[in-house]
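There are 2 protein chains.
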Amino acid sequence: MAASAPISKSIYIGPFVHSKSLSELEIQEHGAIGVDEDGIIRFVERNLQDGSLSNLIQQKGDDWTDAQIVEINGSGFFFPGFIDTHVHAPQHPNTGLFGKTTLLDWLQKYTFPMESSFKNVPLAHRVYQNFVSRTLSHGTTTAAYFATIHVPATNALADICLKRGQRALVGRVCMNSDLSPEYYRDESVESSYADSKASIDYIRSIDPKGEIVKPIITPRFAPSCTTDCLSAMGRLAKETDAHVQTHISENKGEIELVNELFPESKSYTDVYETHGLLTDKTILAHAVHLSDEERKLILERKSKISHCPASNTAITSGCAPIRSLLDEGHTIGLGTDVSGGNSPSILENVRQAIWVSRHLCIQTSSDAVKLSTEEALYLATRGGAAVVGMEDKVGGFEVGKEWDAQMISLGVVSEEGCQDGAFEEGPVDVFGWESWSDKVEKWVYSGDDRNTTAVWVKGRLVHATSRYPGTRRAATP
Amino acid sequence: MAASAPISKSIYIGPFVHSKSLSELEIQEHGAIGVDEDGIIRFVERNLQDGSLSNLIQQKGDDWTDAQIVEINGSGFFFPGFIDTHVHAPQHPNTGLFGKTTLLDWLQKYTFPMESSFKNVPLAHRVYQNFVSRTLSHGTTTAAYFATIHVPATNALADICLKRGQRALVGRVCMNSDLSPEYYRDESVESSYADSKASIDYIRSIDPKGEIVKPIITPRFAPSCTTDCLSAMGRLAKETDAHVQTHISENKGEIELVNELFPESKSYTDVYETHGLLTDKTILAHAVHLSDEERKLILERKSKISHCPASNTAITSGCAPIRSLLDEGHTIGLGTDVSGGNSPSILENVRQAIWVSRHLCIQTSSDAVKLSTEEALYLATRGGAAVVGMEDKVGGFEVGKEWDAQMISLGVVSEEGCQDGAFEEGPVDVFGWESWSDKVEKWVYSGDDRNTTAVWVKGRLVHATSRYPGTRRAATP
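Protein chains in written order, with the UniProt record's numbering: chain V, 1 to 477; chain Y, 1 to 477.
Chain V on its own, in the form it takes in the complex:
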């Protein structure tokens, strides 16, 4: 499964599901999608009937006669790969550890001690191998990773993503203020700049076209950086034309802290604006408590928002008003925010996004704030693609896009009812009378990584469970 190995021309046969628009899913029961040796979708057939594969191949021409066939067995469908727009890879070993903390004390108690240990490169390698495996197993085909302040460990994460074939924006974390403990911060503005630049250069050297991995400038969040340091990152963003990621307006105590630390700024958003960090390639994680002016400014700058519902609930940050941000035209994706979030699964965050919007509804007594299933799935795919600047490449199944996809398989209940111990096929039970939209809802509301039986990035198989049926040749149907 190495990202450098050649891949075969393939036809993916079976139902497929993707977002047609923010509020609508397209569900095609009899699909056939042709993907070439570069991982590019060359055709999308919506109505392949039984026995018509040979007709289809004839119609498509000689190129497709030796294509490999990947077919959905039983109950399932192809779905676009998930995009995790905000995730801290080094915090993976802390997943589920919160104690009684909220953001600022959680950072000191759990996060900084863990991240500082990534000075040890073998340790970093162990955790990152494990975590990239995990996120791939959950169908995450693209992730915007925060690493740590360490250049070697950050570069190791990029190496692993490239080798495993997971699209990634990989960011060395920049933090030099005394909010961070002395044992874990950049030594100076100069070293912040130099280390960030070194990591950008390395990542661009291993994947010059940025097809799989790209660098991203990562000032942790305003309170972690001095004003000089933020300016240096803004300069670096301009010089390198790189993506930028940071946190914004997650927690009320944090906002007060920003106001104290940056008295000359009009708002938290204005801190990033005035330091050249509010670009159309900037990903702002959380955005829970933004003022109207901040929302306007972010929209004007075309910066993107990563909504992290599980994290916002787990560390009691608040309920981001996603429905109204969408109405205003913001570009929004989902982020797991491991380990503020307790799950590396975007599917779990699809559910959590819906739950958070229902809690907003409970608070405000307004049904208008609720996200639908369709909307949450859009955020997880096309929304996320736009957040990472790949909306023309991934997020849905159209000719010219790349094949970043997952095979979803659902468990089918026998006439006798599944028996004890037989649940290896995962948590979804299909009885046979369900409509297609019911099956998709069942997956959304009860599925997990067991239902993701195979994952492809740019046409390459990057994860498969024992239930993946494998391929056959078109000539031997």
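Rather than coming from a laboratory, the hints here were simulated on the basis of the structure.
Ideal Cβ placement from N, Cα and C applies to all residues, glycine included.
Mixed in with the good hints, there may be bad ones.
[What the hints assert, rightly or not] In the BS3-like style, the derived pairs of lysine-lysine whose C-alpha atoms are separated by at most 30 Å in a straight line are:
#, chain 1, residue 1, chain 2, residue 2
1, Y, K370, V, K109
2, Y, K393, Y, K197
3, Y, K20, V, K109
4, V, K252, Y, K370
[To be verified] Short, incomplete list of chain V residues facing chain Y, as computed with Cβ under 8 Å:
#, residue
5, S137
6, R358
7, S372
8, C418
9, D429
10, F431
[Stated by the list, open to error] Here are a few chain Y residues that sit away from chain V, every Cβ distance over 12 Å (derived from the structure):
#, residue
11, I40
12, E45
13, G51
14, R235
15, E293
16, R301
17, G329
18, A386
19, G400
Using the hints, position chain Y against chain V.
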């Protein structure tokens, strides 16, 4: 695994974890718990050192020389079985289907059509076999089940629970008002009474001592029953001394409906009070929007509360104020409320109870409303045991209690980091440096049914995955 087969005397060796009090877990790393042929705990050793098993057996006497040994392999612990205090078994095929509904339209659109199909006994058998397998796989050793209005299907559920060895309160649903569609309601007050009585008699005939299955009188909720019907159920409760379960104060529209339908009652709670249904054996599900007077009355009557956090979020019912109900002295357990709730897992509802309490904190800006991990685990075990009237039998590991337990196994990350596809051991990654309380937290916040590798009820193995290590004899360590 039939509930009638004899069981061996057993010693369970390894770490064990259970609630010491509402706010405190006991974690013993070197435990040994002896369970006799009746499934009763005979000794609990807290400090078994390596090699001292033979000393222990010598000390306990001849009876234990041929005991079978069940030992935790790798990283894991024994934990009390979960108690699901509110769950609708026939709604299992609807799990995850909500559309855009809330309580009252959800009942009409999804619930009543599904439940009415349980007139078909083979269908009921298929769904109930599947669902009991599911709940056992999630470590649920006791469940308070709502069935449907049909006596044969209800009795089939009791048969399945008895055969599979899952403790259950099984209730034929009683509903005769025109809130329910004509195709799915009791024909008359007389048939409501007679059918409920018939199911009670049947369930008591198959398990006369009520060791595994017991009947429970189940008026669906006040709006589903006429006042005569509620009175008949109150009379039946008195005549049979059976448990009672129903819903209360879930959703604001529902409360208004109750006020309209029962204008002579002072409150929703008063409806049950005046019809003889508010007893110390009554389980009230939801209790989201109770007034102070209602809370007082429930406390006086010693009725119990089932908190269903996943359901209350999923169908936007509200956030039950569990922290303050606990402070007032209420007896509270957790309920999955499938399929209002989207998961048959009490572990998921432990998380959801914590999330709901954090959303209450977000709403009220009061930290005092937050449930801790320890408190949520207490609700899932000892709290639930008290709700179903089994606090002297199950919920924790003490001499004289019965062995209702689960073996929790956690995944251990290799030095190279787990590789692709190797996640059959479940979603928890242990790196080796975690404290014991960290391991428990990791399980709580990221575990699932894969981590529940074996489940026992009353000393009998009722579920095991392929990772369950099995038993050996004491004589051959």
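Status of each hint after checking the structure:
| no. | hint | in the structure |
| --- | --- | --- |
| 1 | K370/Y - K109/V | holds (20 Å) |
| 2 | K393/Y - K197/Y | holds (27 Å) |
| 3 | K20/Y - K109/V | holds (26 Å) |
| 4 | K252/V - K370/Y | holds (18 Å) |
| 5 | S137 | holds (5 Å) |
| 6 | R358 | holds (5 Å) |
| 7 | S372 | holds (7 Å) |
| 8 | C418 | holds (5 Å) |
| 9 | D429 | holds (6 Å) |
| 10 | F431 | holds (5 Å) |
| 11 | I40 | holds (24 Å) |
| 12 | E45 | holds (29 Å) |
| 13 | G51 | holds (32 Å) |
| 14 | R235 | holds (36 Å) |
| 15 | E293 | holds (23 Å) |
| 16 | R301 | holds (28 Å) |
| 17 | G329 | holds (24 Å) |
| 18 | A386 | holds (25 Å) |
| 19 | G400 | holds (29 Å) |
Of the numbered hints listed earlier, not one is contradicted by the structure.
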